[in-house]
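Trainee: Chains D and L, in that order, are what the protein sequence lines are. So the first sequence is numbered by numbering that gives the first Met the number 0: it starts at 0 and just counts up by one. So the second sequence is numbered by numbering that gives the first Met the number 0: it starts at 0 and just counts up by one.
Take the hints with a grain of salt, since some may be wrong.
[What the hints assert, rightly or not] Where chain D lies over chain L, by a calculated footprint (3+ residues, C-beta under 8 Å):
(1) 31-43
(2) 56-66
[Stated by the list, open to error] Distance windows between CB atoms, simulated:
(3) Asp16(D) / Cys59(L): 32 to 40 Å
(4) Asp41(L) / Gly86(D): 30 to 38 Å
(5) Cys81(D) / Val23(L): 21 to 29 Å
No lab work stands behind these hints, which were simulated from the structure alone. We put the beta carbon where it would ideally sit given N, CA and C, even for glycine.
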Amino acid sequence: MSALVSALVDPADDDLDAVWVPGALVRCRALTLAEKGALLHLYDAAQAETPAQTQPSPFSAMLRAFGPTASSPAEVRSILGCLMAKGVLRQRTGFLEIEEASFQTPHLIERSA
Amino acid sequence: MIIRTRIQVTDRLALISLEALEDVGLSWKAKGLLSYLLSLPDNEKISTKKLTYASQEGRCSTMTAITELVAAGYIRRINVISGGKMSFGDLVVFDDPAKSANMPEGSRLQLNEYSALARKLKQQGTPKSDESQSA
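Between the sequences and the hints, there should be enough to build the whole structure, so can you do that?
Mentor: Structure representation (structure tokens):
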């Protein structure tokens, strides 16, 4: 996920107090609002990593990276499960990975239309 | 209507402020809605019906997220009056909640006031692309 995100981010924008996310993610109708919110946090966590920490974070650390939110822990786990079921999020040997191509997969968008 | 002071979007990428992302008072649902709203063109007229269509959420769920964002200052609901009757409602979305302090929730505005406000807010708030990149 880190490599994926860093490819999208212009290094000149590193000092911005903001996080870049794919436009297709926020406009994807196949994702619920809460799922989009969760993915925003994942992008934030990935972009906050220093060059020395470019390896994917462990699953538990990634969960902590979501930080404080008004969503309950049960809701958090439920949303992550839904993202995995939709193929947007994958767990690989304890790591989380965002499948960005899924935001733009026509069948995924049409399925919820 | 979208009032941007620091958020810029392109077709491919959207920029979401860390302040909103790290707001402990906002649920993921509210953050997801805010990110969608900030990806819209500045002059987009926003309605609950349109927002409900744009995602998998039902009307009640969308309203809950809107209420959260109103309470946090990211959204103000306004009614625009024309010829003595309500012409349309609009959501005014702010990427910086401090900018919403001068606009009470549920404001009623005449159509000419609405147009003037839109021009004024955009002149005050919208940075040029190169300014936001170097901010």
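Trainee: For every hint, state whether the structure bears it out.
Mentor: Structure-based check of each hint:
1. 31-43: holds (count 6)
2. 56-66: holds (count 4)
3. Asp16(D) / Cys59(L): 32 to 40 Å: holds, 33 Å
4. Asp41(L) / Gly86(D): 30 to 38 Å: Taking Cβ atoms as reference, Asp41(L) and Gly86(D) lie about 33 Å apart, which means the hint holds.
5. Cys81(D) / Val23(L): 21 to 29 Å: 23 Å Cβ-Cβ, so the 21 to 29 Å window holds.
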